[in-house]
Structure formats: structure tokens, C-alpha cells
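One letter stands for each residue in the lines below.
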Amino acid sequence: MEILQNILTGFGIAVTPVNLGLCLVGCFVGTLIGVLPGIGPAATIALLLPVTFKLPPATAIIMLSGIFYGAMYGGSTTAILVNIPGEAASAITCIDGYQMARRGRAGPALGMAAFGSFMAGTFGVFLLMLIAPPVAELALKFGPPEIFAVMVLGLTILSYLSSGSLIKAFTIAIVGLFVGMIGIDIAGIYRFTFGIPDFFDGIGLVPVLMGLFGVAEVLLNLEQIVTRQVFDTGIKGLLPNGEDWKRSAMPILRGSFIGFFMGVIPGPSNTISSFVSYAMEKRLSKTPERFGKGAIEGVAGPESANNSACAGNFIPVLTLGIPTSAVMAVIVGALIIHGVTPGPLLIKNNPDIFWGTIASMYLGNFMLLILNLPLIGIWVRVLKVPYGILFPLILLFCFVGAYANNNSLAELNVMIFFGLVGYLMKKTGFEPAPLVMAYILCPFLEEAFRQSLIKSHGDFSIFIKRPISAAILAMAAGIIVLNVFSGVKKRRKSLLEKI
Amino acid sequence: MKNRKQRVMMVAVWVTLSLLLTANGFAQEKFPSRPVQFIIPWAAGGGGTVNAQALQSHFEKAIGGSIQIVNKPGGGGTIAWNYVANAVPDGYTVGVTNQSFILTQYTTRTGVSFKKVDPIIMVIDMPAALAVKTDAPWKNFKEYISYAKANPGKVQMGNSGLGANYHVSALGIEMVTGVKLTHVPFKGAGPSITALMGGHVDSLVAELPTLLPYVEGKKFRLLVVGSPERNPAVPDVSIMKEEGYEQILIGAWYVWSVPKGVPKERFQKLHDAFKVAMETPEYRELYRKLGGVARYMGPQELPAFYEQEDRKLKRLIDYSGFKPIE
Chain A
1 MEILQNILTG
11 FGIAVTPVNL
21 GLCLVGCFVG
31 TLIGVLPGIG
41 PAATIALLLP
51 VTFKLPPATA
61 IIMLSGIFYG
71 AMYGGSTTAI
81 LVNIPGEAAS
91 AITCIDGYQM
101 ARRGRAGPAL
111 GMAAFGSFMA
121 GTFGVFLLML
131 IAPPVAELAL
141 KFGPPEIFAV
151 MVLGLTILSY
161 LSSGSLIKAF
171 TIAIVGLFVG
181 MIGIDIAGIY
191 RFTFGIPDFF
201 DGIGLVPVLM
211 GLFGVAEVLL
221 NLEQIVTRQV
231 FDTGIKGLLP
241 NGEDWKRSAM
251 PILRGSFIGF
261 FMGVIPGPSN
271 TISSFVSYAM
281 EKRLSKTPER
291 FGKGAIEGVA
301 GPESANNSAC
311 AGNFIPVLTL
321 GIPTSAVMAV
331 IVGALIIHGV
341 TPGPLLIKNN
351 PDIFWGTIAS
361 MYLGNFMLLI
371 LNLPLIGIWV
381 RVLKVPYGIL
391 FPLILLFCFV
401 GAYANNNSLA
411 ELNVMIFFGL
421 VGYLMKKTGF
431 EPAPLVMAYI
441 LCPFLEEAFR
451 QSLIKSHGDF
461 SIFIKRPISA
471 AILAMAAGII
481 VLNVFSGVKK
491 RRKSLLEKI
Chain B
1 MKNRKQRVMM
11 VAVWVTLSLL
21 LTANGFAQEK
31 FPSRPVQFII
41 PWAAGGGGTV
51 NAQALQSHFE
61 KAIGGSIQIV
71 NKPGGGGTIA
81 WNYVANAVPD
91 GYTVGVTNQS
101 FILTQYTTRT
111 GVSFKKVDPI
121 IMVIDMPAAL
131 AVKTDAPWKN
141 FKEYISYAKA
151 NPGKVQMGNS
161 GLGANYHVSA
171 LGIEMVTGVK
181 LTHVPFKGAG
191 PSITALMGGH
201 VDSLVAELPT
211 LLPYVEGKKF
221 RLLVVGSPER
231 NPAVPDVSIM
241 KEEGYEQILI
251 GAWYVWSVPK
261 GVPKERFQKL
271 HDAFKVAMET
281 PEYRELYRKL
291 GGVARYMGPQ
301 ELPAFYEQED
311 RKLKRLIDYS
321 GFKPIE
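Residue numbers (the working numbering), protein chains in the order written: chain A, 1 to 499; chain B, 1 to 326.
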């Protein structure tokens, strides 16, 4: 009952004309920067922070968080249309979303991404409202050994991210782990930095993604410029049909759960949760061979997961004052500058901010759906732009985005390099998703591993002595065993068929 | 000599330019006539950006121009500091430095000598403090030290990266008290706070503003504060001197600096605008709440301050034997 009263107060704050208007502004800006690759929500929120100085803190946070979850809606747009993830969390959407677009089904893909995001976003906020404090306490139980176990679990799902050869997937994942090791490690040792200061903190995620997906795609399409068969198939329907809904309902539900709970765990949880959701849908699907060729489940699941993760992200910040991602660090900065102390007392001292923000998220998610559905008609028309104009524009956006990310020329070069790498990978049958996944997980995996061993003074039993990490590691082992068995079964079957 | 020649050339160029640009040929070139860039060596959202934004509006009013906050993260801050030290000294590039600016001279290959910049003004000083969980067995610094002495390597100390400021500060505790701790590195202050809250480390050294919300929320207890006198935000927490040890903890301070050779009147203009901004009640109130002191130091005292911090950190680095490894 107390929650009901609180959330009503929250709605009272959120529906004032100013707050409603600025929530819309935030969502709109978020969608926009979500669509533009390279320019992420963290930088945008920091940039717009001074604009909010004259506003009351609750209003400021309402607008700034709108940018964050708005970006998750927009991130899928370029992933589906031109194979460039607008945000890292949409990288996995490229696989099936782009394939859908190539088959003339960009509309349903975009539509399902928007509906999925809306439902998962609302679901996430609902859970945030109900169980934020206990979940935050649970998240604190995740020390280095537990985080290590989660990362191992993440690596075991690699096999689901590829539709081709498993050996190639693991080979390229090892390359990803290597790229993830570049930079200063936690002991202060420089690894493969070649003395370039821009590499000290690791190779930037944004240029790698834009290179592997965007630039590589442009290069690849240059070869086909004469035939131009791709999008001439016409655009069939702007919205998902009944069949699409039937396929997507469960992935959206599962994605919502995965996203929310992974969102609470420190690290790049939006991205990881989308990968996990994709792998899960592929594993559970009766027709896994459709994945990679335009399966709508591969769009619905991950896009739901990354939106639900946004709500999960807010839990450690609003209940404990702990930022678990770059965006949340900026939100904490915003709270501080508005004279609000983020920390365990925030809900008690500033209930207007906590409940007002939560209420605004319900409204914001709804606004985003209304905002995004009419845009689909416009977006699919982008596909009719002649290649001669579209590709230089894509390259231009990639270049501007890669530079603007950190005002660094070195990152621009990184993007070009990974563009070439991505092109060669495509030519030789390697897929980018396992590389990206391994590369994102690697720093967290290594850090947690080493921290655990420092804590235990070199004793490996720390990973199985602690119940949570032992349980997660057992799950990871289970997945591997399951995989091996199904692999053996398949081989036996194909052998039998041969006989 | 060459430097002076360059400077003369520069002035000549500026004068010519301003003569060309202004309709009135005799008007002096107005400073600032374009946005002044505030270079922040860390990603958006960190303390440096917060400080720049807290100063921004009053600074702009005072100097009669606008500023542009530019985040240039990476290389432990050294990318930005190299950028500032090598920028054209026209007053349009101003960078924030902190204790890591001094520290990275020793811990990285790309660190910048503090002698390559001219410090303008210190705008904030935030002391370091040692925190434990509220349910920890140690009620004060003495109990903590005597336990750590009796159990070498048993007490786990979190930090925000090996070779980073608070690792070095924790080594300072080892140096002056003779205890041996186990140092667990995290990437940044946020994760190390999470680890202390979850009980994954036993203690933590960090700056007071970072720790204060958790002290007020009854999650952490402070054992000692590294300031010259008791801090008004936590008057009941003892300082190192009272515990009978040298004040070795390195806190966080922000000093805004420019590349060497900025024309005097522009340097003065920047200084005055900063001073106006840091003396506003809003600014003071913000940092009072955070546990920092809006402590002013000007261009006369600051070179000596840089020297003093340099000596202190050099000693700790020598004690730890920390070297940049490539």
C-alpha cells in the first residue's frame, strides 16, 4: 500500500507540464542519439547537464534518464537498417535485424524492437518500483569471485552467437579476448599499447563496433554496387504480423527478466544482457537454423533485454549511490551538481526524485512507443536512398561518431583498422559477434579473476567455496556439457543418415 | 631566448590579427573572443567534470565569455595533460590537474612534468579518509592498526587501481605504521566502494566526499582523516597527527593550470574569474555538503604546493618501488 501511495505521489510529480514536457524532450534527444552511431548517452547527458542547472533536481533527472532509455530505443534503428549498432547494446540486433531488412522486413523488425522495448522497459520499471532495495542488497553479494563466474557463464554462450563454424567462432573469440587485454592492467602493467596513450585504457568499444559492423559493411557492399539487388525486394508491411507476434511474445518476456537482473550487476550489463538473450532464444528455439537469417526472435529478445536492463541499472544508483556503468556515473554527477547526495539515504531524503523518476519512466516508455512507431515509415524509406549517396553518408557518420566519442584521432584510426579487419573476417567466414562479446567480457573477466586470487592469496578454491559463484560456475559447466552432448548426438545422427 | 622571440612573434601576430579583425583599428583584442576550453582528463560524470560545471556559469559571467568543457579521458589523465602542456599559450586552453598529475610523472611513461604548466588557482581540497564497514570490529584507527600488525596481510584494503593515488596513500599507512595490508585493486572509486559495502574488502582509502554519503547512511565508519586539522564535515573523526603519525594520506585537490607562456593580463583574467566563481555561496555550499573545502591558493603559492606534493609522492613511490612497466 505504501508503494501505491508513493508511486501516486511520483505520478503527481511526473505529470506536471514542465516535467512531462522535459521527459518528452529527453526521450526525443535519446532516440536521436541512439540512432546516431558513436554519440552515446553518457556524453550527451554530460553535455546537456548545464541546461538543467536552473531546473529542480527531480526534473533534471527525469529529463536526463529519458535520454538514457530513449537511446536504447534508437540504438536498434541503424542496426536494423544499415548494420551499424547505434549503441553497443544493439550490436547483437545487427545479426538478425539487418537480415530482416535485407529481406524487405525492416518495418516489422523496427516495430518489434519498439514494442519489445516498450513492454520490457515498462516491466523493468515495474520491478524497479517493487523490489529495488532488496535487489540492491543482493547485488552487493556479487564480489570478485561471483562476477568472475558471471563472466565465465557469458563466455559459454559464445557458441550460440554464431551461425557458422564453431571452431571459427571460438578462434575469433580468442582474438576478441586479446583485443580486450590491450591497455594498462590492474597491476599497472602496459600491454600491447605501443606507447600510444589512447590505448592505455584499452581499445575503445565504439570505434571497434563501428569498424567491425559499419565500415566493414560499406566495404563489403562496394563489391555489389553494380547488382544492387538488396532492397529492391520491396518493403512488406510496416508492422509485425500475427506470426511475428507469436514468435516474439516469449522472447520479449524472457528478455525482460534477463535484462532486469543482469542490469543490476556491475559492468556493461545492457550489452551483455542482449547477448545472453540472443543466445537463450537460439538455444530454446525449435528452429535455431533460422537465426542469422532474419529470425524476429533475434531482434525481439535482445532489444527487450537491453531496455529492461536500463531499469536494472538504476537500482544501484538510486538505492546505494553506486554507478555501475558510464551513463550512471554521469547521472550520479548530475545528482551531485544539483546538490543531491547520491547514496543509501537518497530514497529517504529525496523521495520526490526517486518516485518522480520512476513514474516518469512509465510515461517516457509510452512516449517513446508513440514517437517511434510513426518514424518506422520514414526510416524504411532510408533504404531506398541510392547506395552512391547512402554509403558515403554512413561513412561520414561513422567518422564523426568515432572522433566525437572521446575527441581522439587515434580512435578514428582504430575504427578504420577494425573496418578492414571486419571486411577480411566477412570474406573468410568469421562473424563479428563472438569477437565483440569476448572483447567486452575480457577486462571484467580478468579483473575479477585476479582480484579473487589476490583476496584468497592464490587459492583457487575461492571460486567454489562461495555459494553464489559455485552455483553460477555449475550452470556454465552444465551448458558446456549440454552442448557437447547435443553435438555428439547431431554427429551420430548425420553419421547414421550417411549409412 | 628563442622562447621570448616566439612570444614576441605571437604577440605580434595577435596584434596584427586583432587590427585586422576589429573595425576600430585601435581597439585591443578582447579576451575571450571565443569559448575558453576547459580540458578534463577524465570521462564525463567524474569529479573533474562536476567541478567544471559547478564553476561554469559564474566563471562565464565574470570573464564575459563562454567556456566549453572538453573531456579527453585516457592514459590515466596524461593524454589531456600532454594536450594542455603543449597547447598554444593563448589562454584559451585551461586544464584541471589533481594529485594524479604529479603521480603519473612516476607511474607512467607519458606523465607530464608539473614544471611544464603554470598553475592558476586551487579551487577545492578534499582530504582522504580511511573507511571500514559499520559492523567491522575496529572502532578506531588504533584498533585497526594493532589488528593489522598482529595479522600481517590479513586486512584487505581496496583501492582504485595499483599505482593510483589511494593505493599510494594506503602504502603511506604501511610506511608510517609498519603494518602489512593486502591491496585489492578495482577500476575506479565506484567499484571499490561497492566492494567495501558488500564486505569483499575490509577497508578503503578514498576522498571524503566519496565516502561521506555512506557514513551518513550508517554503512561506513571513518577511522582517520588525512587533513591538517579536523574536518568540519566529520568533526568527531581523528586526524593522522592526533594518532601520532605523520600526515601521509594524499587527498584530492583540483588546480586549474595553463601551458607556460600565457600573456599576463589573460592569466590574471582567468584567475580572477575562477576566484569569483569559487567564492559564490552555491559553489561553497555544494562542496561543504560533499566534505570538501573550497580552499584558495593563488599563482604565488601554487608552484611551491606542486613541489611539496611532488616530494611527498616521490617518497611513497620510492618506498613502494613502483615503476612504470612496459
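Quick caveat, the hints were computed from the structure, so don't treat them as lab data.
Even for Gly, the Cβ is constructed at its ideal location relative to N, Cα and C.
One thing to keep in mind: the hints can contain errors.
[Said to hold, decoys possible] Across the chosen pairs, the derived CB separations fall in these ranges:
#1 A:GLU223 - B:SER33: 44 to 54 Å
#2 B:PRO35 - A:LYS246: 50 to 60 Å
#3 A:PRO288 - B:GLY188: 36 to 46 Å
#4 B:ASP236 - A:LEU373: 34 to 44 Å
#5 B:ASN140 - A:LEU55: 35 to 45 Å
[To be verified] If you want the ones that stay clear, here's a sample from chain B, every Cβ over 10 Å from chain A, calculated:
#6 GLY64
#7 ASN86
#8 ARG109
#9 ASP118
#10 PHE186
#11 ARG221
#12 LYS260
#13 GLY261
#14 GLN268
#15 LYS275
[As the list claims (entries may be wrong)] Mimicking DSBU-like on lysine-lysine, the simulated pairs with C-alpha atoms at most 30 Å apart in a straight line are:
#16 A:LYS455 - B:LYS115
#17 B:LYS133 - B:LYS312
#18 B:LYS275 - A:LYS54
#19 B:LYS187 - A:LYS141
#20 B:LYS133 - B:LYS116
#21 B:LYS289 - B:LYS180
#22 B:LYS323 - B:LYS115
#23 A:LYS455 - B:LYS154
#24 A:LYS348 - B:LYS218
#25 B:LYS260 - B:LYS275
#26 B:LYS218 - B:LYS180
#27 B:LYS323 - B:LYS312
#28 A:LYS455 - B:LYS260
#29 B:LYS149 - B:LYS139
#30 B:LYS312 - A:LYS455
#31 B:LYS139 - B:LYS218
#32 B:LYS180 - B:LYS149
#33 B:LYS133 - B:LYS61
#34 A:LYS293 - A:LYS168
#35 B:LYS149 - A:LYS455
#36 A:LYS141 - B:LYS149
#37 B:LYS314 - A:LYS348
#38 A:LYS465 - B:LYS187
#39 B:LYS139 - B:LYS312
#40 B:LYS142 - B:LYS260
Results of checking the hints against the structure:
Checked against the given bound of 44 to 54 Å, the beta carbons of A:GLU223 and B:SER33, roughly 50 Å apart, stay inside it. In this structure the hint that B:PRO35 and A:LYS246 lie 50 to 60 Å apart at CB holds, the actual value being about 55 Å. The hinted range of 36 to 46 Å is satisfied by A:PRO288 and B:GLY188, whose Cβ atoms lie roughly 39 Å apart. Between B:ASP236 and A:LEU373 the beta carbon distance is about 58 Å. The supplied range of 34 to 44 Å is therefore violated.
In this structure, B:ASN140 and A:LEU55 meet the distance hint of 35 to 45 Å, their C-beta atoms being roughly 43 Å apart. With a closest Cβ-Cβ approach of about 18 Å to chain A, B:GLY64 is found to remain outside the 10 Å limit, as its non-interface label requires. Look at B:ASN86: its CB is around 13 Å from the nearest CB on chain A, clear of 10 Å, so calling it non-interface holds up. At the 10 Å boundary, the C-beta of B:ARG109 falls inside the reach of chain A, the nearest C-beta of that chain being 7 Å off.
No beta-carbon of chain A is positioned within 10 Å of the beta-carbon of B:ASP118; the least distance is around 22 Å. Its closest Cβ contact with chain A, about 7 Å, brings B:PHE186 to no more than 10 Å, contrary to its assignment away from the interface. With a least beta-carbon separation of about 14 Å from chain A, B:ARG221 lies farther than 10 Å from that chain, consistent with its non-interface assignment. Residue placement check: B:LYS260 keeps its beta carbon more than 10 Å from all beta carbons of chain A (closest about 21 Å).
Listed as outside the interface, B:GLY261 is consistent with that label: its C-beta sits roughly 23 Å from the nearest C-beta of chain A, beyond the 10 Å cut-off. Residue placement check: B:GLN268 keeps its beta carbon more than 10 Å from all beta carbons of chain A (closest about 26 Å). The beta carbon of B:LYS275 is kept farther than 10 Å from every beta carbon of chain A, the shortest such distance being approximately 20 Å. Between A:LYS455 and B:LYS115, the direct Cα distance comes to roughly 39 Å. Violation of the 30 Å bound is thereby established for this hinted pair.
Taking the CA atoms of B:LYS133 and B:LYS312, the gap is about 29 Å. The hint holds against a cut of 30 Å. Taking the CA atoms of B:LYS275 and A:LYS54, the gap is about 22 Å. The hint holds against a cut of 30 Å. With a C-alpha separation of about 18 Å, the suggested pairing of B:LYS187 with A:LYS141 holds against the 30 Å cut-off. The suggested pairing of B:LYS133 with B:LYS116 is violated, with an alpha-carbon distance near 42 Å, which exceeds 30 Å.
Under the criterion of a C-alpha separation no larger than 30 Å, the hint pairing B:LYS289 with B:LYS180 is inconsistent with the structure, at around 34 Å. The suggested pairing of B:LYS323 with B:LYS115 holds, with an alpha-carbon distance near 21 Å, which does not exceed 30 Å. A threshold of 30 Å between alpha carbons decides the hint, and for A:LYS455 with B:LYS154 the separation of about 9 Å falls inside it, so the pair holds. For the hint linking A:LYS348 to B:LYS218, the alpha-carbon distance of about 13 Å falls within 30 Å, and the restraint holds.
A threshold of 30 Å between alpha carbons decides the hint, and for B:LYS260 with B:LYS275 the separation of about 20 Å falls inside it, so the pair holds. Proximity of B:LYS218 to B:LYS180 is assessed by CA-CA distance (about 28 Å); at most 30 Å being required, the pair is judged to hold. A C-alpha spacing of about 16 Å is found between B:LYS323 and B:LYS312, which places the hinted pair at or below 30 Å, so the restraint holds. Distance check on the hinted pair: A:LYS455 and B:LYS260 sit about 45 Å apart at the alpha-carbon level, beyond 30 Å; violated.
A C-alpha spacing of about 16 Å is found between B:LYS149 and B:LYS139, which places the hinted pair at or below 30 Å, so the restraint holds. At most 30 Å may separate the alpha-carbon atoms for a hinted pair to count; B:LYS312 and A:LYS455 meet this at roughly 29 Å. Between B:LYS139 and B:LYS218, the direct Cα distance comes to roughly 14 Å. Compliance with the 30 Å bound is thereby established for this hinted pair. The hinted pair formed by B:LYS180 and B:LYS149 meets the criterion: a straight-line CA distance of about 7 Å does not exceed 30 Å.
Annotation: proposed proximity of B:LYS133 to B:LYS61 is violated, straight-line Cα distance about 44 Å (limit 30 Å). Under the criterion of a C-alpha separation no larger than 30 Å, the hint pairing A:LYS293 with A:LYS168 is consistent with the structure, at around 18 Å. Our distance criterion of 30 Å between C-alpha atoms is met by B:LYS149 and A:LYS455, whose separation comes to about 18 Å. A distance of roughly 28 Å separates the Cα atoms of A:LYS141 and B:LYS149; the hinted pair therefore holds under the 30 Å criterion.
A threshold of 30 Å between alpha carbons decides the hint, and for B:LYS314 with A:LYS348 the separation of about 44 Å lies outside it, so the pair is violated. In summary, the hint linking A:LYS465 to B:LYS187 is supported, as the alpha carbons are separated by about 25 Å, within the 30 Å threshold. For the suggested pair B:LYS139 and B:LYS312, the alpha carbons sit about 29 Å apart, so the restraint of at most 30 Å is met. Note on B:LYS142 and B:LYS260: the hinted pairing is violated, with a Cα-Cα distance of about 46 Å set against a maximum of 30 Å.
Of the hints listed earlier, those the structure fails to meet are numbers 4, 8, 10, 16, 20, 21, 28, 33, 37, 40, in rising order.
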